[in-house]
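Trainee: So you can see what is in the structure, the chains are spelled out below.
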Amino acid sequence: MTALLEAVQITKTFGGGIFQAPATLAVDNFSLRIEGEPPAITAVVGESGSGKTTLARLLLGEIAPTSGAVHYLGKDLTKLSRKERKAFRRDVQVIFQDPYEVYNPFYTVDHVLTMPARKFGLSKSKSETSESIRQALTAVGLRPDETLGRYPHQLSGGQRQRLMVARALLIQPRVIIADEPVSMVDASLRATILDNLKSLTREFGVSILYITHDLVTAYQISDNIIVLYRGSIAEAGHAEPVVQQPQHPYTQLLMHSIPLPDPDRTWPREQQSSEIGKLATNFAGCKFARRCPHAMDVCLERHPALFQTGPDRVSACYLYQDSPELTARSIDAVFATSEAGPGPVTN
Amino acid sequence: MTRTITTHSSDASEHQAPDRMDSVPEAVLDVQNLHVYYQTSGGRVSAVNGVSFALGRKEVLGLVGESGSGKSTIAMALLRLIKSPGKIERGQVLLNGRDLLALSEDEMRLVRLAELAMVAQGAMNSLNPVMRVRDQIIDAWKDHDVELRGSEIDERISMLMQRVGLRAEDARRYPHELSGGMKQRAVIAIAISLRPSVIIADEPTSALDVVVQRQVFDTLQQVQDEIGASVILIGHDMGLMAQSVDRLGVMYAGEIVELSPVRDVFRNPLHPYTRLLIASLPSLDKKGALRGIPGMPPSLLTRPPGCPFQPRCPMATALCESEAPLLSLKRPNRMVACHHVDTQL
Chain Y
-8 MTALLEAVQI TKTFGGGIFQ APATLAVDNF SLRIEGEPPA ITAVVGESGS GKTTLARLLL
52 GEIAPTSGAV HYLGKDLTKL SRKERKAFRR DVQVIFQDPY EVYNPFYTVD HVLTMPARKF
112 GLSKSKSETS ESIRQALTAV GLRPDETLGR YPHQLSGGQR QRLMVARALL IQPRVIIADE
172 PVSMVDASLR ATILDNLKSL TREFGVSILY ITHDLVTAYQ ISDNIIVLYR GSIAEAGHAE
232 PVVQQPQHPY TQLLMHSIPL PDPDRTWPRE QQSSEIGKLA TNFAGCKFAR RCPHAMDVCL
292 ERHPALFQTG PDRVSACYLY QDSPELTARS IDAVFATSEA GPGPVTN
Chain X
167 MTRTITTHSS DASEHQAPDR MDSVPEAVLD VQNLHVYYQT SGGRVSAVNG VSFALGRKEV
227 LGLVGESGSG KSTIAMALLR LIKSPGKIER GQVLLNGRDL LALSEDEMRL VRLAELAMVA
287 QGAMNSLNPV MRVRDQIIDA WKDHDVELRG SEIDERISML MQRVGLRAED ARRYPHELSG
347 GMKQRAVIAI AISLRPSVII ADEPTSALDV VVQRQVFDTL QQVQDEIGAS VILIGHDMGL
407 MAQSVDRLGV MYAGEIVELS PVRDVFRNPL HPYTRLLIAS LPSLDKKGAL RGIPGMPPSL
467 LTRPPGCPFQ PRCPMATALC ESEAPLLSLK RPNRMVACHH VDTQL
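Sequence lines, in order, name chains Y and X.
End of the first sequence = 338 in this note's numbering, gap-free, step of one.
End of the second sequence = 511 in this note's numbering, gap-free, step of one.
Worth flagging that the hints you see were computed from the coordinates, not collected in a lab.
Some hints here could point you the wrong way.
As the list claims (entries may be wrong) - Straight-line Cα separation of at most 25 Å, DSS-like style, residue types lysine-lysine; simulated pairs:
1) K77/Y / K115/Y
2) K189/Y / K452/X
3) K66/Y / K115/Y
4) K496/X / K189/Y
5) K70/Y / K110/Y
6) K66/Y / K77/Y
What the hints assert, rightly or not - Partial chain Y-side listing against chain X, Cβ under 8 Å, derived:
7) D89
8) V93
9) D101
10) V103
11) A178
12) H204
13) V207
14) P232
15) L244
16) P250
17) P254
Bear in mind that the values here come from a model prediction, so they are computed numbers and not experimental data.
Built from N, CA and C at the ideal position, the CB exists for glycine as well.
Let's have the full structure, built from the sequences with the hints guiding it.
Mentor: And the structure:
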């Protein structure tokens, strides 16, 4: 089956010209298939500099990979015809981190809703458009009368971000790439917006790639989690085992670093990195070796492959080198589909 | 900066003295009935509306709240750094018994850093990009008339650097040569350089990754312990609060609605807002429905009558609409501003 959106061994480097510093490897040989059917939420978790936003921009076709390709319905993004490009623009939507910067301050917020409705010919008449806009707003918990006709500065950050979710809903895409959609939203609203995203998958069958630095929300809404470390997959698999029994030392470090909202659960101290890792300089091995408490000689030699440690997970770490290497073309071979099962078919 | 302290008020709720039964032994800092507003074209925005709290010796007090709850305004008001169109309307800020709001600007300048230091949000913005870290520390000392000989300077700087987990030679670097975590440590080094009795940390790690955040908090806790300072930690992250403060004040719409030992807040939140806020936190233990708090925080321009949380509160009654509840002692050591702490609905 042709995947809806597929990253085929994409690599992206920045810089590295003759007079510049060595190139930065932002995304390193990454493959992922998003089938779209049945729908699922996949989280890409990483710290700043892990390449997660670069990955989002590559999948959206905003930037071209240095090597490899992104395919939409089996066709290279850079080779789409005008018509296919329009379909791609409708099928793959994005929700950005900053709900302040996506609006044009001179237009009322209606503009971001009516524009795509017109462009994609979503409805036949004006009244039909306005009806579907009202439905979409209500679906994300906004009151149409209090939202429509307003200017962006008259809405709060949380409202603007929900409006973006409503917009995505209106366009009825098949995939949404959400890049840190709640990192600028207050706690009490965060839950509401994440719940909105979840219901997009459950009720409208939209697959979501949820890009975040926050393992806790990733765990809450995702079916699968990919942990990125400096452009490479450290660990990936079903959300449950990845979070409850993290295997990769980096995932373990991330988990231990989260301050839990419970005073009775202590915040464990950081483990010391191993002597081998600390002393290492300039090596081509595992990117995490220098910070890793378990670094071994083999870790300095070459970057580990993805070892399949279970039916539902992979880990790029030599601690698991007795497990077979992942043979599938991309990591979604170990992924689950949405727990709720396929949603009702839309369109 | 202009400073106005009115001694009387027509505001009805102001005549009642705040309940001071939350006796904090050896209070280093005692804030009473602090009011701060911003004058905007739309009218007066009361960002901090009658806040009172005390900070004990070596205590870590958290102030948690969403954006617009007034938590950062409190930090700036304590340091008297509120700029026009903002204004400290009235209140008292007693630091070791001295009212900071009554000091002259020159006196206040000497209090900052030496007695009351700040670790601000986003380290990258609080360091001077064209000065080496070392020179910024020396600069701060000069400003406070600390005169040291060359060898003493080197010794003290390298001690400071070690204390915050940096190498002595890092002091000779420019801020851009340091990582985010290192910059925030450098800021902590400056903050503790004159051994202040109170450190205000306003979202000290909000720009940092979780792993680095963990390290910076380690450093902060360690130096606090070593120099015996008290800390006010300001932020929005309930997890950070749970892990690092002794007492927690929960802010809503410019007011403290609950002020209690941190364990009590999490085990048995008494204010409905605190309860809903804690229920909205995503958990790592089990997947469940995510529950946000319906509605939105009130506009500070047009406060709702009575309790500020009343329009969103599941327990609100007619009383809540007519009368603002005062922060008062409802259980031993626990201050809550709610009419219905003892009501079961």
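Trainee: Compare the structure with each hint and give your call.
Mentor: Each hint tested on the structure:
Annotation: proposed proximity of K77/Y to K115/Y holds, straight-line Cα distance about 18 Å (limit 25 Å). Simply put, K189/Y and K452/X have alpha-carbon atoms about 16 Å apart, close enough for the 25 Å limit, and the pair holds. For the proposed pair K66/Y and K115/Y, the alpha carbon gap of about 30 Å is over 25 Å, so the pair is violated. Between K496/X and K189/Y the CA atoms are separated by roughly 39 Å; this puts the pair beyond 25 Å, and the hint is violated.
Under the criterion of a C-alpha separation no larger than 25 Å, the hint pairing K70/Y with K110/Y is consistent with the structure, at around 22 Å. Distance restraint check for K66/Y and K77/Y: the Cα-Cα separation of roughly 14 Å lies within the 25 Å cut-off, and the hinted pair is therefore satisfied. Using the Cβ-Cβ criterion of 8 Å, the hint placing D89/Y at the interface with chain X is not satisfied: the shortest such distance is roughly 14 Å. The beta carbon of V93/Y is not positioned within 8 Å of any beta carbon in chain X (closest approach about 18 Å), and the interface hint is therefore violated.
Interface restraint check: D101/Y against chain X, minimum CB-CB distance 20 Å, threshold 8 Å, status violated. Because the closest C-beta pair between V103/Y and chain X is about 20 Å apart, greater than 8 Å, the hint is violated. With a least beta-carbon distance of about 6 Å to chain X, the hint placing A178/Y at the interface is held under the 8 Å criterion. Against a cut-off of 8 Å between C-beta atoms, the interface hint on H204/Y holds, since the closest Cβ of chain X lies about 7 Å away.
The restraint placing V207/Y at the interface with chain X holds, with a minimum CB-CB distance near 5 Å, inside the 8 Å limit. Look at P232/Y: its Cβ only gets to about 13 Å from chain X, farther than 8 Å, so that hint breaks. Using the Cβ-Cβ criterion of 8 Å, the hint placing L244/Y at the interface with chain X is satisfied: the shortest such distance is roughly 6 Å. Among the interface hints, the one on P250/Y holds; its C-beta lies about 4 Å from the nearest C-beta in chain X, closer than the 8 Å criterion.
The interface hint given for P254/Y holds, since its Cβ lies 5 Å from the closest Cβ of chain X, which is under the 8 Å cut-off.
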